[in-house]
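Quick note on the working numbering: the sequence shown kicks off at 7 and runs consecutively.
Derived from the structure by calculation, the hints contain no laboratory data.
Yeah, the Cβ is synthetic: ideal placement off N, Cα and C, and Gly gets one too.
Just to be clear, a hint being listed does not mean it is correct.
Distance ranges between label pairs, derived from CB positions [what the hints assert, rightly or not]:
1. 106 with 29: 36 to 42 Å
2. 85 with 37: 47 to 53 Å
3. 32 with 146: 41 to 47 Å
4. 149 with 32: 22 to 28 Å
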Amino acid sequence: MGTFKRTALESRLLALATLPSPDARQSERSRYLLLQLKDRDALIAGALKEGLAGLLYKNLLTSGLFDDLTNSQQHILQSHYYQTLRLNLIRIRELDPILEKLASTHIRIVLLQGIALIQNVYNDAGLRPMTDIDLWVLPQDVKDLSAIL
């Protein structure tokens, strides 16, 4: 994608896209900003680069602004959302047997960052890509957790 320098308008739109559930006022603000934006391809490139494409897709869809994009732009956002959803669901499915094994032990873990946000904030596994799953464990349990993993 090359060097990406975001305009103030793109920054404001991406900031609105980070909201998991924008209200009517925020959606109206997004509509106003999107209508002013000349280079929507740059907005989408920025969303992809920042890991916000899924959120942008869902928020544009929810607010009725998705149809204001070209078919190509829609396809990019939609396919990225579903690819992210698929990969994140695979990661979550891989975590399930580990959590089941841990349930019968003394080891307690805390799920951090992406996985915690998906479960507690976004409630949609396609909104933000996860490249890994971060776990926090007490130092005295690291050896036992490593054996389980």
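Evaluated hints:
no., hint, result
1, 106 with 29: 36 to 42 Å, "38 Å, holds"
2, 85 with 37: 47 to 53 Å, "24 Å, violated"
3, 32 with 146: 41 to 47 Å, "46 Å, holds"
4, 149 with 32: 22 to 28 Å, "47 Å, violated"
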